[in-house]
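**Q** Residue numbers (the numbering used here), protein chains in the order written: chain A, 2 to 238; chain B, 5 to 170; chain C, -9 to 166; chain D, 75 to 622.
What the hints contain is simulated information worked out from the structure, not anything from laboratory work.
Ideal placement from N, C-alpha and C gives every residue a C-beta, glycine not left out.
A few of these clues could be false.
To be verified - Just a few of them, taken from the derived set where beta-carbon distance is under 10 Å, the chain B residues facing chain D:
id, residue
1, Trp21
2, Leu23
3, Gly37
4, Phe49
5, Tyr78
6, His79
7, Leu83
8, Pro85
9, Gln86
10, Cys99
11, Ser138
12, Ala142
13, Val146
14, Thr156
15, Val168
Claimed, not checked - A short list of chain B residues far from chain A (calculated; beta carbon distances all over 12 Å):
id, residue
16, Ser69
17, Lys70
18, Thr76
19, Pro119
20, Cys167
What the hints assert, rightly or not - Capping the alpha-carbon separation at 25 Å, the derived lysine-lysine pairs in DSS-like fashion look like this:
id, chain 1, residue 1, chain 2, residue 2
21, A, Lys89, C, Lys146
22, B, Lys19, D, Lys605
23, B, Lys106, D, Lys259
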Amino acid sequence: MSTAIITFIIDGRDVSAREGQTILDVARENDIPIPTLCSLQGLHPVGACRVCLVEIKNTPKLLPACVTRPSEGMEVITDSERLRQYRKTITEMLFSERNHVCAVCVSNGHCELQSMAENLGVTHVRVPYLYPRLPVDATHARFTVDHNRCILCSRCVRVCDEVEGAHTWDMQGRGVDCRVITDLKQPWGTSESCTSCGKCVHVCPTGALTEKGKAVAEMVKRTQFLPYLKTMRESWS
Amino acid sequence: MAADSSKIAAPSADKRWRLVDNVMRRHGYRADGLIESLHAVQESFGYLDDVSLRFVAASLRLPPSKVYGVATFYHFFTLKPQGEHTCVVCLGTACYIKGAQKILDRIEQDYGIKPGETTPDNKLSVLTARCIGSCGLAPAVVIDGTMSGKLTADETAEHICRCVGA
Amino acid sequence: MSKVRVATVWLDGCSGCHMSFLDMDERLLAVAGMIDLVYSPLVDCKVFPEQVDLTIVEGAVSNEDDLHKVLHVRQRTKLLMALGDCAVTSNVPGMRNYFTRDDLLRRAYVENAQVNPSIPTEVIPPLLPKSRPVHEFVKVDIFLPGCPPHADLIFKTVADLLEGRLPDSTQKARFG
Amino acid sequence: MIPDELKAITDAETEASAKVRCRLNVCMAAGCQSCHGDKVLKALQAEVASRKLEGVEVRGVGCLGLCAEGPLVLVDPEHVLYQRVQAEDAADIVAALGGKPVKRLVCSLETPFFKRQKFIVLENSGKINPERLEDYVAHRGYEALATCLTERQPPEVVAEVLASGLRGRGGAGFPTGLKWQMVAKAAGPKKYIICNGDEGDPGAFMDRSVLESDPHRVLEGMALAGYAVGADHGYVYVRAEYPLAVKRLNNAIKQAQKAGLLGPSICDTAFTFNVEVRLGAGAFVCGEETALIASVEGRRGQPRPRPPFPAEAGLWGCPTLINNVETFANIPPIMREGGKWFAGIGTEKSKGTKVFALAGRVCNTGLIEVPMGITLREIIFDIGGGIPEGRKFKAVQTGGPSGGCIPEQFLDMPVDYDSLAKVGSIMGSGGMIVMDESSCMVDVAKFFMEFCRTESCGKCVPCRVGTAQMHNLLSSICAGTATMDDLALLERLCDTVKFTSLCGLGQSSPNPVLTTLRYFRHEYLAHITDKRCPAGVCNIHSLAEVHA
């Protein structure tokens, strides 16, 4: 079966996409950086964090690169003053939403939110901090969930459902009251469905999910297993 | 049917579980019957608790977290038992323009409860609705399932007093 | 050429940013040659002077004294720099913000007190309801996050300012 | 059921009604029921029975429109409308039959409220008993379905809808015919029809009224859609907050199934169409197509990015046609009278009529249907009877939390999709809330933002955090504690949320703020700089409190 090839333009460069590829996939293949938070290779994209929005010529709407498929001749702009401003504001919104105290976080230096801010030149947060009171659940033998540092990207929910197949995690409530939960919102340590595989910890972009007893320098997340598992399973089935 | 052969036993002998099970069976114990099933639980028991959520999750073969996620996403569902009497104040635009907030303030003043709360003696719960579609009669309140329109804060207070006192 | 009048202010912070400032080491000599340090915890001066060219603020605004000070300082300063995460984000001082002021004081001065448990009413300035970053109260011209910001970054920023340039906005500075 | 059988029902109904000398139509829609219309119905029935009157029929009908004056009773053939009827009035009303009407209860039908309306969607509303299939059939119900199934091919049905120029009545106004065409062309052995009755706008009750007053019309519209696009299964998604509408809809589905108008081999053709009711559970965002699909599938009602559009991949990945209640209700008359007839009503780009729920600070609150292109002034001051208590008009809010507040200077603007969009609002589903000088526009913006904040699904960052932040800023403006910097931040957040949110709810959530900022900026400034609420609504903190 021949695969259709689509040629289009990203930031003035001619690029080509195989069928099924998203703008983000093609940009990565061509070393064109597009910031992302909720997207992770090996998980279904959800288009939720909105930092990967790109401009498409002659389209009034901004579209998320992680789910948008290119069409022939499409002209994509991944970086503009307007996009930078939106990305900055969205990042600031995330910092304001919960209690991200980088200085005392075990993920300090390995955090995707922190480096997003650094790369976008976010030197301060212009929207008022909301300072919600949120719990830390350390009932699991090996892992901790700190809701103060969660950005609700749903990577943990997806990896647990799509890859591990346990579906221990889900999201409760809605709006700013959303919270990731295990089983019936019970302490993680009492979850009957959790297999303690730790995939959720390693896909978590921030210090919300961490391993117990790890020092700052040690708590580096490893996500390489994901595309590998995915390939293995595809070849298996 | 495969689902029937491994049917999940009801949590207790309470006959209301049969009503819940009927709804789930009507939907073939399929996942898409989840919201309808939760409606059935709430209609039968007044609220959703861990026992009923686990029962529904097991019957529909759904992860508990997913059921909990759905139950908390929809504001029509409540995970707390309600008081003996309920007063739903509509907060649709028309009702808001015509003073629904004053009614809520009055209830708070009289009973010390805010929307979503129940009095300590468990007599009265006050809730809000985003719009009950009775805008022509704004402001509207639903007391123990009966809708009344065009009420002032005083009239509502009297009305509640009659219901709770009775 | 007259020297640039510089002040540093210490609000609710650990003084680590001031330490990092001192970590400029030998470069301090070069800086010292160009500035007049008119007010600072590092010098003996009780009154914040008028017409300060640059004020570097460390720490979050947590109590009434902090608030009064930062408003006063802003009035007398041309350029105001928020130095470090406490000044920029409220950082660790802000971690008390999920508790009410009363709960916090009771915990600190009553429940955890060994002797004479009572909430102080004198000497200690009253806490604001929340500990907040400086820019939520006054205009801040330059932000330098970090806990603490690295001495090199402080030097580069200060050097830029002393040479009359606004600091390079693309330079990487990060929280934490 | 075949066309001849439908005709037999019609004939039987005509014959039966010939024996009826006099008919008392009691409004049994939720509005009138809530002010004890059901007791009026019972009292009238008892009165007629006790007097052993022959040829007098007392029956419940759908919405008569003027909800503000309910309970309403319409007496035919005299065509006298009684308002604010109580059970105690039954004796007087029955005694007056055939003679002089009961003066103290009469509501004139010669007012603009009734005269200026044009009924297509509501043509049967208040005329038929919504709980009887026969009554609907006698009013040419299911005629269009029977004719189309036996005489016309599906593409012809789509062509008729295209020719009508009908646009979606749920909010965005996408051309209905195009949508049908997309689904009809989509490949797939299985397709679905969804009727969106998740009328979530606070201040809107059009769908509720249609479902309560004429449920078969919606089912017929759905079946026609199913035939046109090749779907054999439909879902009606109704708010659980509308128990009466749900009851009548379920009743109508059962009747239609029994009569062979739903189910297998409809009208003795190969066409099969089943309809199921799905209850909403209180989530405004489920009015958004993809969230609605998630909800029908039993999941959290969170939208997903489009494309793919539901017309290509909707319910369980199958091509799915989603239209709202009012859109489907327009279909039977379009099929009966022709697309050309429909296109002759309304304006060039907005055809037909629109049902509005008129509410707020206006004399005649209730449900109205008007031709597109009528002006706001005609609606509010003629049909609505103007502002009560001699107060002054300030703004009219259309489109709910996704719409905007339109000030006096645009009152003479025609009501159509494009004109409303031009002034920063939207047609929306048809909520129309009138506000007078006693409303503070900042407070109104805050009200809508509070709504969006609690209805935000939480999936995308700008809507989840942005609506909460904007609500906080609006609250502090209302409290008199905000600065001009806060106002600038509010405007920046509006822009970010509008252009970066995932779905329509988020993208349009700043609209009430943007329109009030555009037309009532002075009210914002009064709160911020003068620490004063011009309407006297907001509880402004004194300066001393602010500094404390």
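**Q** Hint by hint, which ones does the structure fall short of?
**A** Violated: hints 1, 2, 4, 7, 8, 9, 14, 15, 16, 17, 18, 22, 23.
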